[in-house]
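Chemist: The residues making up each chain are set out below.
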Amino acid sequence: MGDVILTMKGIDKSFPGVHALDHVDLEVRKGEVHALMGENGAGKSTLMKVLTGIYHKDAGTITYEGKEVEFTNPREAQDAGIVIVHQELNMMGHLTVAQNIFIGREYMNGKLIDDKKMNEEAKKLFDQLGINIDPKETMSRLTVGKQQMCEIAKAISHEAKVIIFDEPSAALTEAEIEELFKIIRDLRDKQMGIVYISHRMDEIKVITDRVTVMRDGGYVGTLITKDSTKDDIINMMVGRVIYEDPKTESQVAPDAPVVLKVEHLNAGRMVKDVSFELHKGEILGFSGLMGAGRTETARALFGADPKDSGDIYVNGQKVDIKTPQDAVKCGIGYLSEDRKRFGIVVDKTVAENSTMASMENFMKGIFIDKKKEKDTAQEYVEALKTKTPSVDQLVVNLSGGNQQKVVIAKWLVRNCDILIFDEPTRGIDVGAKSEIYHLMNELVAEGKSIIMISSEMTEILRMSDRIVVMCEGRKTGELGIEEATQERIMHAATLRN
Amino acid sequence: MTDKKNGNAFTNNPLVRAIGLQKIVVVIVLIALIAFFSAVSPSFRQYSTLLSIMDYTYYLAFLGIGVTFCLITGGVDLSIGTGMFCYALIGGYLITRQGMPVIVGILVTLICGLIMGIVNGLIVSKGGHAPFLATLCTMMIARGLGAIATGGASVTWPGATAPNGWTRSLFKLTVGEIKLPLGFLWVMILAVVMSIVLNKTRTGRYIIAIGSNKEATRLSGINVAKYQTMAYVFSGIFTGLAALAYSSAFQSMAPGGGGGVELNAIGGAIIGGTSMSGGAGSISGTILGVFIMSVLQTGLPLIGLQANYQQIIIGLVLIVAVYIDVLKNKKLDK
Amino acid sequence: MEKIKENAFVKKIGFNTLVLLCVMVVLYILFAIATPLIKTNASFVSYSRIVSALNYAYFLGFLALGVTFVIATGGIDFSIGPVMFCSALISGYMLTLKGVPLLVCLLVSVLVGTIFGVINGFLVAYAGLPSFITSMASMMIAKGVGSVFTKTQSVSWPQSADANGWFRNLVKMKINGIDIPTGLIYLIIGAVICSIILNKTKAGRYILCIGSNREAVRLSGVNTKKWEMLAYIICGLLAGLAAIFYVGAYTTVQPGLGDTFNNEAIAGCVMGGTSMTGGVASIAGTLVGVLIIALLQEGILAMGFQINYQYIITGIIVLVVVYADLRSRRRRN
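Residue numbers (this note's numbering), protein chains in the order written: chain A, 9 to 505; chain B, -6 to 327; chain C, -12 to 320.
Simulated from the structure, these hints should not be mistaken for lab results. It is possible that part of the hints are untrue.
Said to hold, decoys possible - Below 25 Å or equal to it, Euclidean Cα-Cα: the simulated DSS-like pairs (lysine-lysine) are:
#, chain 1, residue 1, chain 2, residue 2
1, B, LYS193, A, LYS144
2, B, LYS193, A, LYS280
3, A, LYS337, A, LYS395
4, A, LYS348, A, LYS280
5, C, LYS187, A, LYS372
6, A, LYS330, C, LYS213
7, A, LYS372, C, LYS213
8, A, LYS337, A, LYS380
9, A, LYS348, C, LYS85
10, A, LYS280, A, LYS38
11, B, LYS219, A, LYS57
12, C, LYS212, B, LYS321
13, A, LYS190, A, LYS132
14, A, LYS119, B, LYS219
15, A, LYS119, B, LYS207
16, A, LYS119, A, LYS144
17, A, LYS125, A, LYS154
18, A, LYS393, A, LYS379
19, B, LYS321, A, LYS154
20, A, LYS372, C, LYS212
21, B, LYS193, A, LYS125
22, A, LYS330, B, LYS323
23, B, LYS16, A, LYS144
24, A, LYS337, C, LYS213
25, B, LYS324, A, LYS280
26, C, LYS26, C, LYS85
What the hints assert, rightly or not - Here are some chain B residues the structure puts well away from chain C; computed CB gaps all over 12 Å:
#, residue
27, THR131
28, THR167
29, LEU183
Ideal Cβ placement from N, Cα and C applies to all residues, glycine included.
So that you can see chain A by itself, here it is in the shape it has in the complex (with noise of 0.2 Å):
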């Protein structure tokens, strides 16, 4: 490790409604790798925001090469030689891939764009990273994978002082994962400073030399790798949080009938001959990496997304599932992963969310029940305590855990009998996680089956009673919670073809 290249100390940073970060510091030396730990939203993308430019800090100082600075937009962190390798991919489609590599850099023949020169630089690239991609392919024709490996290749040739890398390895197969710590360790080599934001405590142990824990918008602590365990880490990122122990057996009676066949469920690239049961009165945990497909899957078997065959028996009937409307007939609700786009209508009421799937329950003749409507909503808001302060009051003024639980009324509302939550505690605050986790015991004591999809290894192995493991859009393991162990799941998930 040598000398400090970039200090970040008491980063503060507000939105409305959420101090997002609370006086964070982060430090970074030339020639480390230096992992940003932390559970979603404890505020890491949040803070490398700031350092770009893209959000502005409320107080603090970043001192980067000896010198304050404040870049106003992410132009000039590149210009200066902080890059940024996002989460989501922020790729021109339509273009190649060098044109997409010197975006808003181009190489100049006089007034025209050099194509060529282009071309062969994006390929000295590429064999210095040795990886073997085409640069005049079109961008939008490329896996996943090698789409990263173009954003890895952009950031270079920033001639970067400081890369950071955000949830990299996330849609990443094995050997592409193997290839990246390959180039990650020479940058680390030629003395860059390198910043990798992951979740995943394995990579953390292999590739970097020291850890900076966040939590909830604060600062935790900062370890050096070799010294510290998995356990230090792990201790410091959950705090003050009191996660009860792993679920130890199944809580399903052994007779309970299934509620819910899939059987060879194909679907586009991303689902490929899933089949699996649902027990009354189970919790089925989902698990994987992201992109495997647990998604897409409970999609296509919702009738979200058009699926390709397979069938589905619901209480042992074969049902046809083309659309939601069949679906929700077939009493099957579907709680999104994204609540602002899939679940709530943002500028309508609690009352109206929640009624929203089971509208003719609410009609006198052809006008709607309003005093119903608010009624029911009113008898959910208190059963699942919602913290509103009425049945009137607009979706967007709540927080993401009260929004979360107007979506669960609106399946309840329904009396929905299967239900899919797919990341039902993402984005909410700790409180109103652990009251979600009790809705769904409840849920499934009176006798309601539930689908739980989710990234977080301490969720699935505390709530589950089964837990189905997915990778690559194929089910890769099924294992009862008697059995299952993170080592476990995390070989299921990364049980590639």
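Assemble the complex: chain A is given as a structure, and chains B and C must be docked to it using the hints.
Modeler: Positioned in the frame of chain A, the structure of chains B and C alone reads:
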């Protein structure tokens, strides 16, 4: 997993990919249309028909080239048809009623287009308006302005034999007995120039990038507002050129006209493979698409379908073209 | 300020609508003062001018009420003006040249509008085409169909004194030599029905929610395509109805026209607080918005200006109002 998503042997053929499948189909359709009209109508086979196809092509091609840039950014410019009339009215008014030199009239026509382009661009990029709504409003404004500027009367540009008639020779040169469609040369030259602008300059590159992924373009440190505005400025300037081509070909125009012309141009661009959802498009495709429109406009009356039928047919063509575009994008998303 | 907004009565009508009403009154006063100053011997304050402004408001009002539903879904319909003309041309042609009974013709008028609504709705909701380009294409088609049907002739509907002239009583009734603006009653009835549909029925609820977040509604198991299409059908139907009030007031229709009314109807809508991004709509607001547009055109004509100024002004109004809406949304997020 392979790198190449969907497509079969034919569509993955390098030559087909280089030209674009859609353009090949358009050329075939164009040939089929010409063959059909020639077979049905003897008068379609005459040289004068070619000239009248060209008359329609000039202004539609200019409008099409300009609006292609807007479409590629993911926007649209609906003000071009009415705008073209407005600028031609103002320019012609200055020449024939105010007795100004022709060159002044021409410059004013072009400058009007430029100003409208800047205004549209700023409303869309800085004001954040939906392009279709913004340009619909400026279309109404252009309509009103054209009529007010000329006092509500129609305007006639100088005829070919008039002292100031040399402007008409710019597009149709009479050599002895033969009329030469000189305008075709200008259309081709400008098409090549704008094709280079689109594919070989930063402006064009960033316009494509904005249409492909606006946020990513912004994060690459590119001044999105500037280049988005540029697309509308191109559209404005080319509308000015179209106004010259129109007044040269048809000489006179009434205030309040020009509505619907934009759909011919936009339809031509979409037929040529420019996508309504942005990011993809080519000038050569637009020119081909515009030819389909102008062949239809010339051919339909010759087989007995007058202007009112044309409106219906062009409306249908537009719906089909946009539907194909929607299907294409759906396939890409998969 | 906040206190006024919280008042029960103000809440019921809508704060924005009340502001608009004030704008209307101010505008009236302005015209009353300005007209004699600008044009000698002209005056704005007269009963006949109010009746004349209302004549303009009826058909525009129905157009605007219809397009409010479409805009509420987050779409747009640029075909309403030409569709109205197409309806008036086809039914008028049948009435005057084919001798079809008046009542049938009035029904045909509504039917033609509805058919266009069905086509637009199908193309947008089921085929997934962008609404603005679809409706522009159907605008062309409506113009074409209208003029093909009448062989590019204009059509004149019967005068009040003629045999079939009674339908004009829908717009204006002469009692003891005084013009009674009966059309206003029908427009208000229409608005009340629209308001009930939008706010009290399942259709209205879904239309508004689709405009706000289509995917969330679809994933709630709602047939979003059906309800979205319905909005276009309502819009087309009302355009057909508007045709009756247009000819009731202005008698003659020419083929190939009508697109200027699109912008005026949309201007009335957005002024009334209906958001172009969808999800928010106010029928009362639309009504007042339309009255303002009608007043504006009466004022412009009274002062002796060309109607072309109206186009410019409505263009600017839409730009400004929509910009204000975008700004306030951005600030909230």
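Chemist: Indicate, hint by hint, whether the structure satisfies it.
Modeler: How the hints compare with the structure:
no.	hint	in the structure
1	B:LYS193 <-> A:LYS144	15 Å, holds
2	B:LYS193 <-> A:LYS280	42 Å, violated
3	A:LYS337 <-> A:LYS395	30 Å, violated
4	A:LYS348 <-> A:LYS280	28 Å, violated
5	C:LYS187 <-> A:LYS372	10 Å, holds
6	A:LYS330 <-> C:LYS213	16 Å, holds
7	A:LYS372 <-> C:LYS213	21 Å, holds
8	A:LYS337 <-> A:LYS380	22 Å, holds
9	A:LYS348 <-> C:LYS85	57 Å, violated
10	A:LYS280 <-> A:LYS38	44 Å, violated
11	B:LYS219 <-> A:LYS57	24 Å, holds
12	C:LYS212 <-> B:LYS321	21 Å, holds
13	A:LYS190 <-> A:LYS132	17 Å, holds
14	A:LYS119 <-> B:LYS219	18 Å, holds
15	A:LYS119 <-> B:LYS207	24 Å, holds
16	A:LYS119 <-> A:LYS144	21 Å, holds
17	A:LYS125 <-> A:LYS154	21 Å, holds
18	A:LYS393 <-> A:LYS379	20 Å, holds
19	B:LYS321 <-> A:LYS154	24 Å, holds
20	A:LYS372 <-> C:LYS212	24 Å, holds
21	B:LYS193 <-> A:LYS125	13 Å, holds
22	A:LYS330 <-> B:LYS323	18 Å, holds
23	B:LYS16 <-> A:LYS144	21 Å, holds
24	A:LYS337 <-> C:LYS213	17 Å, holds
25	B:LYS324 <-> A:LYS280	19 Å, holds
26	C:LYS26 <-> C:LYS85	45 Å, violated
27	THR131	7 Å, violated
28	THR167	33 Å, holds
29	LEU183	26 Å, holds
Of the numbered hints stated above, those contradicted by the structure are hints 2, 3, 4, 9, 10, 26, 27, listed in ascending order.
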